[in-house]
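**Q** Sequence:
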Amino acid sequence: MASSSSDMKNLFEIRRFEGIGFDLWKERIQGILFLKDCDKALEARKPEDISDDAWHNLNRKTVTYIKMVVSDDILVDLKGITTASKLWAKLKTTYENTTPAEQ
Numbered sequence: 001m002a003s004s005s006s007d008m009k010n011l012f013e014i015r016r017f018e019g020i021g022f023d024l025w026k027e028r029i030q031g032i033l034f035l036k037d038c039d040k041a042l043e044a045r046k047p048e049d050i051s052d053d054a055w056h057n058l059n060r061k062t063v064t065y066i067k068m069v070v071s072d073d074i075l076v077d078l079k080g081i082t083t084a085s086k087l088w089a090k091l092k093t094t095y096e097n098t099t100p101a102e103q
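For the sequence shown, the working numbering gives the first residue as 1, with consecutive numbering after it.
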C-alpha cells in the first residue's frame, strides 16, 4: 500500500522545542537528522571523506532543520550560529539536564 505525502509528513513531524523536555526532543531531532543524512554535521570535525563544499551544505541544511523546530524565543539565542556543531553545543549547554522530561 502506498503512503500519502501527509502520512510521510506526520511520520517526520516533530514538536517545536519550547524550552521544556529537551532530552526527549533531542532524541527525536537526532532521529530525524539521521534519516535525512544530516547527523554527521553535529560533529565538530569534518569527516575526511566529505568535500569542503559538501560539508558546508550539510551544515547549512542541518542548522536550518534545527532552527525550524525551535520556538522564536530560543531562535533569538541561536541567531548568528552558522555551524551545526556549535548550534547543537549551545542547545545542549543551555537545556540538557535542566528541564523536566515530558510526561
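Rather than coming from a laboratory, the hints here were simulated on the basis of the structure.
A quick note: this is a predicted structure, and the numbers were derived from the prediction, not measured.
Hints may contain errors.
Straight-line distance between alpha carbons at most 16 angstroms, and here's what the computed EDC-like set of lysine to aspartate or glutamate pairs gives [what the hints assert, rightly or not]:
| hint | residue 1 | residue 2 |
| --- | --- | --- |
| 1 | 36 | 13 |
| 2 | 92 | 18 |
| 3 | 90 | 77 |
**Q** Against the structure shown, which of the earlier numbered hints fail to hold, in ascending order?
**A** Those not satisfied: there are none.
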